[in-house]
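So the protein sequences, as listed, match chains A and B. Just so you know, the first sequence maps onto residues 144 to 407 in the working numbering. Just so you know, the second sequence maps onto residues 144 to 407 in the working numbering.
Any given hint could be a false lead.
Residues from chain A shown here face chain B by an in silico Cβ test under 8 Å; the list is partial [claimed, not checked]:
1) F156
2) Y185
3) V253
4) Q285
5) L288
6) R293
7) K313
8) E317
9) M325
10) Y367
Some chain B residues well away from chain A (every beta-carbon gap over 12 Å; in silico) [stated by the list, open to error]:
11) V262
12) I284
13) R404
Source of the hints: derived by calculation from the structure; they are not laboratory data. Bear in mind that the values here come from a model prediction, so they are computed numbers and not experimental data. Note that the Cβ used here is the ideal one computed from N, Cα and C, for glycine as well.
Number of protein chains: 2
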Amino acid sequence: MRVVKRSGELEDFDPAKAINAILRVGTSPEEAEAILESVKPYLYDGMTTEELYRRIRSRLPAPQAQQYSLKKAIMLLGPEGHAFESLMGRVFEQMGYQVLVRQILKGRCVSHEVDVVIVKDGKKATVECKFHNALGTKSSIQEALYTWGRFLDLKDTNNVEKPWLVTNTKFSSEVVRYACCMGMHLIGWKYPEDGGLERMIDEAHIYPITVLDIRRSEQRTLLYHDFVICDDIVERKPELLGLFPRETGERIIKKTEEFLRNVR
Amino acid sequence: MRVVKRSGELEDFDPAKAINAILRVGTSPEEAEAILESVKPYLYDGMTTEELYRRIRSRLPAPQAQQYSLKKAIMLLGPEGHAFESLMGRVFEQMGYQVLVRQILKGRCVSHEVDVVIVKDGKKATVECKFHNALGTKSSIQEALYTWGRFLDLKDTNNVEKPWLVTNTKFSSEVVRYACCMGMHLIGWKYPEDGGLERMIDEAHIYPITVLDIRRSEQRTLLYHDFVICDDIVERKPELLGLFPRETGERIIKKTEEFLRNVR
Numbered sequence: 144m145r146v147v148k149r150s151g152e153l154e155d156f157d158p159a160k161a162i163n164a165i166l167r168v169g170t171s172p173e174e175a176e177a178i179l180e181s182v183k184p185y186l187y188d189g190m191t192t193e194e195l196y197r198r199i200r201s202r203l204p205a206p207q208a209q210q211y212s213l214k215k216a217i218m219l220l221g222p223e224g225h226a227f228e229s230l231m232g233r234v235f236e237q238m239g240y241q242v243l244v245r246q247i248l249k250g251r252c253v254s255h256e257v258d259v260v261i262v263k264d265g266k267k268a269t270v271e272c273k274f275h276n277a278l279g280t281k282s283s284i285q286e287a288l289y290t291w292g293r294f295l296d297l298k299d300t301n302n303v304e305k306p307w308l309v310t311n312t313k314f315s316s317e318v319v320r321y322a323c324c325m326g327m328h329l330i331g332w333k334y335p336e337d338g339g340l341e342r343m344i345d346e347a348h349i350y351p352i353t354v355l356d357i358r359r360s361e362q363r364t365l366l367y368h369d370f371v372i373c374d375d376i377v378e379r380k381p382e383l384l385g386l387f388p389r390e391t392g393e394r395i396i397k398k399t400e401e402f403l404r405n406v407r
Numbered sequence: 144m145r146v147v148k149r150s151g152e153l154e155d156f157d158p159a160k161a162i163n164a165i166l167r168v169g170t171s172p173e174e175a176e177a178i179l180e181s182v183k184p185y186l187y188d189g190m191t192t193e194e195l196y197r198r199i200r201s202r203l204p205a206p207q208a209q210q211y212s213l214k215k216a217i218m219l220l221g222p223e224g225h226a227f228e229s230l231m232g233r234v235f236e237q238m239g240y241q242v243l244v245r246q247i248l249k250g251r252c253v254s255h256e257v258d259v260v261i262v263k264d265g266k267k268a269t270v271e272c273k274f275h276n277a278l279g280t281k282s283s284i285q286e287a288l289y290t291w292g293r294f295l296d297l298k299d300t301n302n303v304e305k306p307w308l309v310t311n312t313k314f315s316s317e318v319v320r321y322a323c324c325m326g327m328h329l330i331g332w333k334y335p336e337d338g339g340l341e342r343m344i345d346e347a348h349i350y351p352i353t354v355l356d357i358r359r360s361e362q363r364t365l366l367y368h369d370f371v372i373c374d375d376i377v378e379r380k381p382e383l384l385g386l387f388p389r390e391t392g393e394r395i396i397k398k399t400e401e402f403l404r405n406v407r
């Protein structure tokens with residue numbers, strides 16, 4: 144049996160790959176086997192990987208079903224990078240940093256809009272958040288080079304100790320080599336292995352509103368009004384209820400509270 | 144009367160602007176006035192600026208008609224930046240530099256593909272060629288920052304004295320400020336005023352094949368086979384004749400020789 148990948152390429156269906164994908168959300172190997180077994184009757188030649196994973200997801204016990212799609216949820220924060228910056232700001236805050244989002248800082252030569260400025264123990268760092276819209280896009284060497292160039296311009300005038308580059312996708316091996324060599328912090332999808340973006344988000348318990356099982360149009364309305372993480376919904380209920388018909392607003396709040404109960 | 148700009152915006156037709164555009168190709172103010180007068184019967188409310196300029200161009204005496212569209216000819220070298228890099232290599236060569244195009248150089252941390260490396264009087268510089276596909280795109284601060292970041296990584300390992308950033312469009316004022324402050328050379332459309340890209344090309348007499356009045360498909364075939372400047376056609380006639388039916392090939396060569404006679 145073959146599956147159609149996102150790129151349009153056909154590929155032989157590989158049960159080991161599917162098992163790995165299920166294991167990654169934290170199930171036991173036995174559970175993973177059982178889940179794959181239970182979706183087998185629905186598999187057919189030429190099905191898309193997207194449908195395959197939707198099938199699998201529907202079999203996962205909550206809250207894994209939610210974590211499983213964290214990567215997609217972050218993509219849905221786009222197409223612009225604004226909400227991703229806000230998300231990262233909240234994650235750093237939860238990690239005990241003092242955080243300023245989208246700051247204009249004067250450098251030696253020019254002013255820069257810095258996505259996130261973080262301070263802890265009197266040490267200041269700048270964070271460049273690079274949001275990619277498409278799965279499979281890798282962060283390029285250019286991004287690492289300009290992150291460094293910007294840091295150099297800001298370093299002395301703002302007392303910045305080091306730059307971070309955070310992305311929602313992967314880094315090319317070149318970027319990793321460059322960053323290690325220069326002493327630049329990198330955070331990406333599953334990078335570094337013991338503390339990648341997905342781990343930071345999980346540990347901070349800061350979830351983007353796009354993990355919620357609500358309409359895309361409702362997500363868009365929320366993002367437009369700067370509701371970026373689930374806590375925003377809980378904390379700003381009256382404002383939210385003003386944006387939607389009563390029933391819709393209440394349904395969204397209920398879904399959010401349910402989700403947060405499940406993951407905490 | 145209003146004209147439709149490339150962006151789709153409507154704008155009141157400004158005769159002074161049109162006169163300036165005509166003057167820029169080197170006509171006298173009287174000639175410019177006369178040309179504008181002669182196209183006036185063809186102007187109508189809601190015409191596109193593109194059509195307006197096509198009308199004007201048709202009234203220009205050759206070779207100005209050709210120079211007038213140099214900006215467009217450079218755009219036609221795209222969509223990728225490859226041919227623009229080759230063009231710039233040839234221009235620098237004509238200016239007396241030793242030139243290497245698309246070199247992989249080892250930096251302190253990683254290897255870089257450098258668009259053009261130029262050497263003169265024992266001094267080496269790296270040239271980042273940033274090709275933009277769309278009129279009106281300005282070179283961004285990110286491009287300047289990563290040009291600098293790349294230069295820093297290459298500087299000591301390759302004995303590079305300074306970086307250049309060359310683009311076929313304009314620079315934002317931020318880029319100009321940054322480059323002046325850092326000592327980075329900038330070349331762009333009409334930048335610097337006394338030696339911008341159009342001036343360098345004119346002075347070097349190095350013209351992209353896309354200035355020729357031949358079919359777009361013929362231009363593409365030529366570019367694909369690495370005929371980038373008009374001299375390539377004259378110097379590699381037998382190869383060119385192998386790419387097209389005899390008559391087509393001869394017509395292209397004739398057009399090229401005619402063009403070069405006009406501009407030299």
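We went through each hint and held it up to the structure:
no.: 1; hint: F156; result: violated (36 Å)
no.: 2; hint: Y185; result: violated (42 Å)
no.: 3; hint: V253; result: holds (5 Å)
no.: 4; hint: Q285; result: holds (5 Å)
no.: 5; hint: L288; result: holds (3 Å)
no.: 6; hint: R293; result: holds (5 Å)
no.: 7; hint: K313; result: violated (17 Å)
no.: 8; hint: E317; result: holds (5 Å)
no.: 9; hint: M325; result: holds (6 Å)
no.: 10; hint: Y367; result: violated (24 Å)
no.: 11; hint: V262; result: holds (23 Å)
no.: 12; hint: I284; result: violated (7 Å)
no.: 13; hint: R404; result: holds (42 Å)
Of the hints listed earlier, those the structure fails to meet are numbers 1, 2, 7, 10, 12, in rising order.
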